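If you're matching them up, the sequences are chains A and B in order.
Under this note's numbering, think of the first position of the first sequence as 52, with each following residue one higher.
Under this note's numbering, think of the first position of the second sequence as 107, with each following residue one higher.
Derived from the structure by calculation, the hints contain no laboratory data.
There are no misleading hints in this set.
Within a straight-line C-alpha distance of at most 30 Å, the following computed BS3-like cross-link-like pairs (lysine-lysine) qualify:
hint	chain 1	residue 1	chain 2	residue 2
1	A	LYS60	B	LYS155
2	B	LYS167	B	LYS184
3	B	LYS209	A	LYS122
4	A	LYS146	A	LYS60
5	B	LYS209	A	LYS146
6	B	LYS209	B	LYS155
Predicted model only: the values in this text are computed from it and were never measured.
Spelled out, the chains give:
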Amino acid sequence: DGGITQSPKYLFRKEGQNVTLSCEQNLNHDAMYWYRQDPGQGLRLIYYSQIVNDFQKGDIAEGYSVSREKKESFPLTVTSAQKNPTAFYLCASSKGVSGLAGFNEQYFGPGTRLTVT
Amino acid sequence: AQSVSQHNHHVILSEAASLELGCNYSYGGTVNLFWYVQYPGQHLQLLLKYFSGDPLVKGIKGFEAEFIKSKFSFNLRKPSVQWSDTAEYFCAVNALTVFGNEKLTFGTGTRLTIIP
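Extracted from the complex, chain B is given alone in its bound form (with noise of 0.2 Å):
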């Protein structure tokens, strides 16, 4: 079955700073990538994700991610953070099967505090 780790459990950070956020995944094969956001008091939204292609994807707000096959990594970067990215961020991991598509497998997602 798949797995999904997300080492980092809190990250504190100050504005301006450059944000990498780790996520590993467990599976060998063809697999859909994900990275969610929830904002303080809001529902959880789709930051990026990646299917196919070019391995370094770019989501809203300014956030990449670069998905790294040989290292089964997909970590999350932004070169200049705001206060406004206070969040929690979740990795996600679709696994694709000829037996059909394990279900999407969630890390257990990093806090991220951006101190002004």
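The shape of chain A in the complex, shown without the other chains (with noise of 0.2 Å):
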């Protein structure tokens, strides 16, 4: 059954602590997502990967880091620089960017729920 896994659920961390975010997708897409949902804010993009071992800035990286060793797996961790990190994460992944025959259709995981308190 092919789709996007995001772990865990719910997870909680103590204030200047780092933590990171899996999202697994055994999809064979060659690109991945990673986006932050606020209520009455939509989805931001944090970081975006078109490829293995290469990845750039969305709209809000700032306090975000991501690795994109294997075409299957695209982790987030949410360092303590980021200011506001309590909200919801979602991964996503394409099988490109091309326009063309719908090959930049975005399918989503589940999500994470971060609280940091």
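Starting from the two chains in their separate frames, assemble the complex, guided by the hints.
What follows is the structure, given as structure tokens:
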């Protein structure tokens, strides 16, 4: 059964600690994305990766880091430098980024709700 | 840079009412357009998409959307809503440029509440 898994569903951390959110996909997609969802603000792009060992900053990358060592995995680290880390984090993937034939249609995971106190 | 506007933040309707959710975008060139839906407690899923061709696209669960290029709009419609349509709806736009594709940009979402 193909899809995207994110773990854990809920995560609690103390302020000042780094935390890593997991995202795995078995869709054989080249591109992967991390979004942050806050009430009334929609989805904002944190980082994305078009191919293994390469990634680019999105609109709100400050305080976050990522790696893409394997095609199926794209973990996100929320560092202590992120001023307001409490949010719902969504991972997505797509075949690629080309606009042709729906390559850029994104599939989403179930999300991780991070609470930092 | 592209931007997406969803002017309806919260819409409340009774069952069987007709629905139209607005979506406007700013980019003047070629675009791919999407509507995603997030049901309570579930992950974001694709409702419908427009890439090219017929500007009236049909999606799952009786939803449709019309791409009107002259108005930079991609409004979502359903003739008769059900209680199960209660969810948050997101419009998204991907601009296709000669330099490559812009990132997918999402609107702020519209929360739809259907009263039985």
